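> Generate coordinates for the entire structure from the input sequences, incorporating the hints supplied.
2 protein chains.
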Amino acid sequence: MTYSYDDLYAFSKSILQAIGCPEKDATLASDVLLSADLRGIDSHGIARLAGYVRLYEKGRINPTPQVKLVHETPSTGVVDGDLGLGLVAGPAAMKIAIQKAKEVGSGWVSVKNSNHYGIAGFHTMMALEHDCIGISMTNASPLVAPTFSKERMLGTNPISVAIPAGLEPAFVADMATTTAANGKLEILQRKKADTPYGWVQDKEGNVTTDAYGVQQGGALLPLGGDREHGSHKGYILGSIVDIFSAVLSGANYGPWVPPFVAFLEPDPNPVGQGIGHFFGAMRIDGFRPAEEFKSHMDNWIRRFRNAVPINPEIPVVIPGDPEREMENERRKAGIPLLDPVINDLKGLSEKYQVPFPG
Amino acid sequence: MTYSYDDLYAFSKSILQAIGCPEKDATLASDVLLSADLRGIDSHGIARLAGYVRLYEKGRINPTPQVKLVHETPSTGVVDGDLGLGLVAGPAAMKIAIQKAKEVGSGWVSVKNSNHYGIAGFHTMMALEHDCIGISMTNASPLVAPTFSKERMLGTNPISVAIPAGLEPAFVADMATTTAANGKLEILQRKKADTPYGWVQDKEGNVTTDAYGVQQGGALLPLGGDREHGSHKGYILGSIVDIFSAVLSGANYGPWVPPFVAFLEPDPNPVGQGIGHFFGAMRIDGFRPAEEFKSHMDNWIRRFRNAVPINPEIPVVIPGDPEREMENERRKAGIPLLDPVINDLKGLSEKYQVPFPG
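Sequence lines, in order, name chains A and B. For what it's worth, this note's numbering labels the leading residue of the first sequence as 1122, then goes sequentially. For what it's worth, this note's numbering labels the leading residue of the second sequence as 1122, then goes sequentially.
If you are wondering where the hints come from, they were derived from the structure by calculation, not from laboratory data. Any given hint could be a false lead.
[Said to hold, decoys possible] Subject to a maximum C-alpha distance of 30 Å in a straight line, what follows is the list of computed DSS-like cross-link-like pairs (lysine-lysine): (1) B:Lys1305 with A:Lys1271; (2) A:Lys1216 with B:Lys1223; (3) B:Lys1415 with B:Lys1179; (4) A:Lys1271 with B:Lys1415; (5) B:Lys1312 with B:Lys1453; (6) A:Lys1189 with B:Lys1467; (7) B:Lys1312 with B:Lys1467; (8) A:Lys1415 with B:Lys1467; (9) A:Lys1216 with B:Lys1216; (10) A:Lys1216 with A:Lys1145; (11) A:Lys1305 with A:Lys1467; (12) B:Lys1415 with A:Lys1189; (13) A:Lys1223 with B:Lys1223; (14) A:Lys1223 with B:Lys1271; (15) A:Lys1313 with A:Lys1324; (16) B:Lys1189 with B:Lys1223; (17) B:Lys1216 with A:Lys1415; (18) B:Lys1271 with A:Lys1305; (19) B:Lys1415 with A:Lys1216; (20) A:Lys1179 with A:Lys1324; (21) B:Lys1271 with A:Lys1415; (22) B:Lys1179 with B:Lys1223; (23) A:Lys1223 with B:Lys1179.
[To be verified] Part of the chain B face toward chain A, derived, beta carbon under 7 Å: (24) His1417; (25) Val1437; (26) Leu1459.
Bear in mind the structure is a predicted one, so any value in this text is a computation, not a measurement. Just so you know, even glycine gets a beta-carbon here, dropped at the ideal spot from N, CA and C.
In structure tokens, the structure reads:
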């Protein structure tokens, strides 16, 4: 089944208002959430709405947070998300980073006491219209084992970087620091297919191709997959995301990060508040004239797009291209939802007396 | 053969002075160069001294550069390395980043018109004693093919992040954005061994296990190895390093980066000046009190060090631990050099009339 962006957006906004979010927050959060559906990152879009609501029902999301800058220097700061939606705290913190970049060249904001913030790329793309490079990362529920370990210590901890160009579309990277994001496992589960080696290990730390390996007590593997293929580098990247997002801000880190799912309880002895994010903005003309930079970015993008392909029919991809094409398509043709997601949303519709489209 | 740190340091300094470097620069450059040998990153240490000298002899390294900050805001800037050693421009730029962090919370400096800057980790560790997080990256000679391409477009483009701790040693990450660094290929070549799958492709873009695959027109592979294992993420990381280091500063990027080896000529139509680096420093107390942060870093490090191991005899590694242990060992036992390196250095000794130790 396919739904229009506008219909899903209105539904998301109404549900968030129904659980007590002010209209402004419900609008902003729906912007962030639906951007994932538009860009084809279905695991992070409206499919998560019911998950957020369940956390609210457990008292683990505050629908009326007072998001506050609690510590700052001219170019850095910490934001307290007041246990609200990361979908609200994230854009607020990114705005502060951009404002600081306008004032002193760059801005860097670490966020504590937050919840899941949607796709990392939404936040970084906010920087583009200000001629800034945007940077964003977040920690997340522990599902990933460090190299040599069988214990889940890190989330899929994504990193996004958005870089303005001139005539070419912007460079927008948004990547989990694992070999494969959780969403890809779900696709294989639905297909009843195995995973490639290097995505998942079982609970003893052995390589497995079982797409349910994580559910059975195993772990996702850091980018690289195994030591021989550089998994220590994926572990390093996930660790840096964890430290910048949470040790800098005062959020929970590593295995203490509260789980996104409402049926798992957070650690009774937390080391911080909520989950953490990290945002950065650098003004291009803090380095060189913006037009000069953008013209070289155009050249960079064109040169890489035209790098000699192995198979002439499969050209090199510029980060952000596939998501932008998907967005163009889905704005016209609508957003496809899977049956389990539709059922979840219909459940919300009934419970909160908000009509579901179609 | 094993040599003392002091002997190799004195030799390096004398050679650099012999090609015209002022004493201050020769000292600093030898600090950077020899730190690689101490930390066990043999490919980036004194083994490269002859390479730097050959570039000098070709007129591609200026021994008496005037390293200058040519553009700035309170928290950002661009440094022109004046075609000198990156071993000199790098620490100068990192100092500026740290100074800016002291003034406004963070400092970010992109460098153009430079040459190879040694190990990325030397620069980031400069930040530690100032209670700053240090960040450093550099582009390098194109040896890496983006996902789906058979053309060498990127260098091994390393990223280093150094993070202060309290009672525990600092977290010091320093990683190439490829599956395996070039140095590891050299080790296999000496052993006449094959590489694992996922390190190298041949000139047609096919997977190969030939340790000489790169020399024969192939390419190193981005971290991940192939698309199924996330090589697009390694390509993204290498690209971000390239853009931050060179498109922001005005250095050469992508395939235009001048080769480190003197027998390959730089592109006759450069898109910038020399190679590029990028440095950052963030003051810990720009986010939260430094002592509070450090005590949580200690907790982070201990928790990860004690993550349940797969094999009880192989514990989880904290980034920086192996290099620090190596440094302790080599400061006592000396630095081992391979015969080809010794012969190279003896060649320099003869040519520049500088006695070689032992």
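> Would you mind marking each hint as holding or not holding in the structure?
Going through the hints against the structure:
Under the criterion of a C-alpha separation no larger than 30 Å, the hint pairing B:Lys1305 with A:Lys1271 is consistent with the structure, at around 27 Å. A C-alpha spacing of about 23 Å is found between A:Lys1216 and B:Lys1223, which places the hinted pair at or below 30 Å, so the restraint holds. Distance restraint check for B:Lys1415 and B:Lys1179: the Cα-Cα separation of roughly 47 Å exceeds the 30 Å cut-off, and the hinted pair is therefore not satisfied. For a cut-off of 30 Å, the pair hint linking A:Lys1271 to B:Lys1415 stands: about 27 Å separates their Cα positions.
Distance restraint check for B:Lys1312 and B:Lys1453: the Cα-Cα separation of roughly 27 Å lies within the 30 Å cut-off, and the hinted pair is therefore satisfied. Proposed proximity of A:Lys1189 and B:Lys1467 is contradicted: the alpha carbons are some 63 Å apart, above 30 Å. The straight-line distance between the Cα atoms of B:Lys1312 and B:Lys1467 is roughly 24 Å, inside the 30 Å bound, and the hint therefore holds. Under the criterion of a C-alpha separation no larger than 30 Å, the hint pairing A:Lys1415 with B:Lys1467 is inconsistent with the structure, at around 48 Å.
With a CA separation close to 29 Å, the supplied pair A:Lys1216 and B:Lys1216 stays within the 30 Å bound. In summary, the hint linking A:Lys1216 to A:Lys1145 is supported, as the alpha carbons are separated by about 15 Å, within the 30 Å threshold. The straight-line distance between the Cα atoms of A:Lys1305 and A:Lys1467 is roughly 25 Å, inside the 30 Å bound, and the hint therefore holds. With a CA separation close to 24 Å, the supplied pair B:Lys1415 and A:Lys1189 stays within the 30 Å bound.
Taking the CA atoms of A:Lys1223 and B:Lys1223, the gap is near 19 Å; set against the 30 Å cutoff, the hint holds. For the suggested pair A:Lys1223 and B:Lys1271, the alpha carbons sit about 41 Å apart, so the restraint of at most 30 Å is broken. Restraint check: the Cα-Cα separation between A:Lys1313 and A:Lys1324 comes to about 20 Å, which is no more than 30 Å; the hinted pair holds. Taken as a hint, the B:Lys1189 and B:Lys1223 pair is honoured in the structure, with Cα atoms around 20 Å apart against an allowance of 30 Å.
Pair hint B:Lys1216 plus A:Lys1415 holds up; C-alpha atoms about 28 Å apart against a cutoff of 30 Å. For the hint linking B:Lys1271 to A:Lys1305, the alpha-carbon distance of about 27 Å falls within 30 Å, and the restraint holds. Proximity of B:Lys1415 to A:Lys1216 is assessed by CA-CA distance (about 28 Å); at most 30 Å being required, the pair is judged to hold. Distance hint between A:Lys1179 and A:Lys1324 is fulfilled; the C-alpha atoms sit about 29 Å from each other, no more than 30 Å.
At roughly 27 Å between alpha-carbon atoms, B:Lys1271 and A:Lys1415 fall within 30 Å of each other, so this suggested pair holds. A C-alpha spacing of about 40 Å is found between B:Lys1179 and B:Lys1223, which places the hinted pair above 30 Å, so the restraint is violated. For the suggested pair A:Lys1223 and B:Lys1179, the alpha carbons sit about 43 Å apart, so the restraint of at most 30 Å is broken. For B:His1417, the shortest C-beta to C-beta distance to chain A is roughly 5 Å, which falls under 7 Å, so the interface hint holds.
Among the interface hints, the one on B:Val1437 holds; its C-beta lies about 5 Å from the nearest C-beta in chain A, closer than the 7 Å criterion. Checking B:Leu1459 against chain A by beta carbon gives a least distance of about 23 Å; that is not within 7 Å, so the hint is violated.
Comparing the model with each numbered hint stated earlier shows that hints 3, 6, 8, 14, 22, 23 and 26 do not hold.
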